[in-house]
Structures are given as structure tokens and as C-alpha cells.
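Number of protein chains: 2
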Amino acid sequence: MWFVENYDEKASLGLKVKKKLHEEQSKFQKIDIYETEFFGNLLTLDGLVMLTEKDEFVYHEMITHMPLCTIKNPERVLVIGGGDGGAVREILKHDSIKEVVMCEIDQRVTDLCRIYFPTTTCKLDDPRVKLHFEDGFKFMDGYEGYFDLIITDSSDPVGPGVALFQEDYYRLVKKALKPGGIMVSQSESPWYFEDTMTSMTGAMANVFKNVQTYIALVTLYPSGLWTMTAASDSLSLYDFDEKRSAKIAETCKYYNPEIHKGALALPNFVKKIVHNTK
Amino acid sequence: MWFVENYDEKASLGLKVKKKLHEEQSKFQKIDIYETEFFGNLLTLDGLVMLTEKDEFVYHEMITHMPLCTIKNPERVLVIGGGDGGAVREILKHDSIKEVVMCEIDQRVTDLCRIYFPTTTCKLDDPRVKLHFEDGFKFMDGYEGYFDLIITDSSDPVGPGVALFQEDYYRLVKKALKPGGIMVSQSESPWYFEDTMTSMTGAMANVFKNVQTYIALVTLYPSGLWTMTAASDSLSLYDFDEKRSAKIAETCKYYNPEIHKGALALPNFVKKIVHNTK
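If you're matching them up, the sequences are chains A and B in order.
Heads up, the first sequence is in the working numbering, so the first residue is 217 and it goes up one at a time.
Heads up, the second sequence is in the working numbering, so the first residue is 217 and it goes up one at a time.
For reference, chain A alone in the conformation it holds in the complex (with noise of 0.2 Å):
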């Protein structure tokens, strides 16, 4: 049995699959969770690889620790989206941090992992974590100056997710964040959504004064090549805390200091297709 991800009727990605594990309808989407041969448990949202077992650090890792690392103190982070909690365990890695704040819309997918990928939920009930599980833009409104970090966990710009690709989504994450923090979004691939991520960097572009995209390999989305965009009024992820990034990546299995700075090179044709400050 393979589970199979079709690429817009361009290309297709197949994982074999030893069997179902969960099904279910859901209030938002249609959720279902395999055990395959080579990956792991996997999560899939409306037919879309989230996540497996075996590939999730390198999603986690580096749309935690880039910014992370980037901030002087960081101390209070909001995550929305990121149901699976993998982007909170990794936040929690820092010292720093005084308060993790993750808002889902879908309870069914925190607590599906809760059971199926417990190597994500494993730090949810931290005592610096709050669970909120709601709408995210409607959410977020009610923060002013309050994050050092805001991150953009989502699913595509389809279903749920379509309104965190957009401007105004952008300049209620900048009011919920304190004077010179940052966000970061993940952007999809240049190869299969190259106008999506055109204009949502453009529309970060319009808020932000630094926007920068970076490369993520996720291996089961899309082409391979990801991206995630920081976006940031003073704040640039060149300029990172190398001695903090080291200490970090000897727990992680793909985040290190050469790759926080090697990510932040972009092929020419992606440079070509988003609207990137420096």
C-alpha cells in the first residue's frame, strides 16, 4: 500500500506505507496518520504530507533556531499553527525562554500526535507552554508588543491556512510583536509555488523592512527545496549568536552554525522570484 502526494498533476511523491494507523474527519480538514516502511508515523492534512517520524527535525530546527538564534534574549514566542508541537520542543532548547505560546485551530491534530508523534508533543506540557486552540489571525489581535517571536507554522495556502499568506495576517503579527522582533513564515517551494511565494514575501515586503528567505531540505515536501521567510524591522539573520548557535546544534541533527549562514544563500532563480531586502 502507497500513500500518495500528487503535485498539481506535475509530480508525485509515494511512501510506502505498512498501514493506516487514523482517519477522521475533522471540524477543519480531513486528517489521517500512516505508519509507513521507511519514514515513520505520518501525518497528512486534506492528502498533504505534514510531517513524518524520521524528516521532521530539519522543518523544526530550522524554523525555531534561525530566529532564535538571531535574538539577543529571547524570552516569549507564539506559535501558530505547529499542532504537533515539534516547533515547541525545539523553542524550548533556549535558556532564555520565559513563554511559549502555541495556537492551533484544530484540537484533533494535538491530540492525534499526543498519541501517534510523541516525539513532538513531548515537551507540550512544559509549564512555559500555553495550548490555545482557535483561529490564529482572531487570536493574535487581541496582543500588542508582547513577542519576540512570532512564527508562521502552516499548512499551504489552501483551506485553513490561506489567510496567513497574506498582508493583513502580516501587520497583525507586526503589532503583536515587540518593537524589533521577528516573524517567520514557512514559504513553500520555488519549484511548484513560485507565485505564492512572490507575493508573500512581497506582502511581507510591505510591512517588514528586512525580509529574508532561507532553505529548509524537507525531503517529503514538495521538490525537497523549502523555504521559510524571516521577516524583521531591525533585526537580520546574519547577525546571529554564533557561540549560542553552536551550543544548540549539538542537539540538533541538522541545524549548526555553517547552516544557519549556507541557508541564507539562494539559488539564482529563487532570488529571482521573491522580494528579498539583502
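These are computed hints drawn from the structure, not numbers from a lab.
Among these hints, one or two may not hold up.
Pairs count within a copy or across copies, as identical chains cannot be separated in the list.
Below, in silico cross-link-like pairs of lysine-lysine (DSS-like), each with a Cα-Cα straight-line distance of 27 Å or less [stated by the list, open to error]:
no.: 1; residue 1: Lys246; residue 2: Lys463
no.: 2; residue 1: Lys488; residue 2: Lys477
no.: 3; residue 1: Lys346; residue 2: Lys232
no.: 4; residue 1: Lys354; residue 2: Lys232
no.: 5; residue 1: Lys463; residue 2: Lys235
no.: 6; residue 1: Lys314; residue 2: Lys488
no.: 7; residue 1: Lys488; residue 2: Lys463
It should be emphasised that the depicted structure is a prediction, and the values quoted were computed from it without experimental measurement.
Dock chain B against the given chain A, drawing on the hints supplied.
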């Protein structure tokens, strides 16, 4: 209609196909050429993706310009394999080149690429290019201290390519190189070919002082996270000509000086797999 490549019953890649353009069993392997929906024409050998018109630039720019920008005045280059001509096209972008020898075992690959891949074969009739269609292992034995660079642009270590991943081969390469020359070989994916990467970089480290693996994001190869490995007794890819690299990058879709440096940053889990000397 879909072309599907099965990654050892772990995962698979599908490419939507408009039509099959050619199919034959040569003396060495099964050759298939398709017109795909999104990636242009596709060449497969024994059912494995070799290149498409749309993404070939990544592989060919990265296997050539990384070593060429590291050599002070590259004049003579040998390509073992590479029958599609893409590596030769990139090599000839360097003004100092006097001679490019390509030794492809299967002339049918090159003959068919001249028909179906005009953008990769476009420089094969340049007067500086010499084509040989024979076994690369035996061919190279006739040379001593001749080449600045030897590129192994081979298929996987199955079928005709298997000898090109072993220590005996690297010793022959070293003999054919000028003292202080450099070799580069495609070196597979850490996700699916961990053992091959460990054994081939180990074999290189037995023959050369410096062994350096770097990353090229070849989206249609297994996992997208592809590697190439350079080996030399005196050259290091870190010490490259940034000015020449920037000039070459003007003609590239992937390679540029930041990518040159960034490609050398390895994720922690890849560092553990390879025998790299620095």
C-alpha cells in the same frame, strides 16, 4: 500517464507524462525518453531519472563550477560519463579551458540526447571537446598527470556505474590528474544511500588528503538533497576565486559565490555519514 521511480520500496517519485518519445535497450542499459507535463523532456536509464530539461541546470552547474572556480587556471578537464553533455556545456564557460575530454560508455545516450536534449548537448561540437565512447575506467588508464579536473558524472552504483564508486577507480583518477589537481564525483543522497556515501568518501579519503562533500538540491533525484564530493591533495573548495565565481554566476540559474560557500555547510546528520577531512 505517469512515470514512476521507486526508491527501494521506501518512497517513490512520479512525473506526469504527456507522451513517450523513445524507448530502447542499448548494449548497456534501458534508455527511455518522455515528454513530461511540467519538467520538459525526461531521460531515464534503467528506470532511474537522469535529467529533465527544466531542472538539469542544478546538477550541471554544481558539479562543474565548484571545482573549476577552485582551480587557479583550469585548462584540461575529463568528464567520465555525462553523455547528455550538460557538464561539458558548463565547463566551456571558463575562458581558460583548452580541452574537455568526455568519456561516455554508451554512445546511444549521447546520440539520443542530441535529438531530445539540444540544450545540454549544444556544446559537444566545440573544437575544444573530444568525445570518446568507451569504458571510463580503462580509458583513464592511458593518462598520467594530465588533467586539472576529473568529473565523475555517473549514474548510481548499479549497472555500468558500479566500478566508479571504488578505491581502485579513485587511484586511477589520481594518476590521471596533474599533481595538485582535483576530482569531483556525484555522491548520492544521505536519506537513501547512507552506506554508499560512507564507503565512497572513505575510499576517497584513502587516496586523497582533502575530501569535501557538498550539497546540490537536485529536486528530481531521491529526496532532493543530493551531494557531490570533491577530493584533492592540495585544493580546498573553501579557497575559490570569488571574482571568477561571480562572473560565471551571471550565466547560471543556480550557482553563485554565496551558494559556493553555502553548499559546503552540511547538516549534522550528513556530517556523521561522510569521511570529510574538513
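Verification of the supplied hints:
no.: 1; hint: Lys246 - Lys463; result: neither (39 Å within a copy, 50 Å between copies)
no.: 2; hint: Lys488 - Lys477; result: both (20 Å within a copy, 20 Å between copies)
no.: 3; hint: Lys346 - Lys232; result: neither (36 Å within a copy, 44 Å between copies)
no.: 4; hint: Lys354 - Lys232; result: neither (39 Å within a copy, 40 Å between copies)
no.: 5; hint: Lys463 - Lys235; result: neither (39 Å within a copy, 53 Å between copies)
no.: 6; hint: Lys314 - Lys488; result: neither (39 Å within a copy, 33 Å between copies)
no.: 7; hint: Lys488 - Lys463; result: between (34 Å within a copy, 18 Å between copies)
The structure does not agree with the numbered hints 1, 3, 4, 5, 6 stated previously, though it agrees with the rest.
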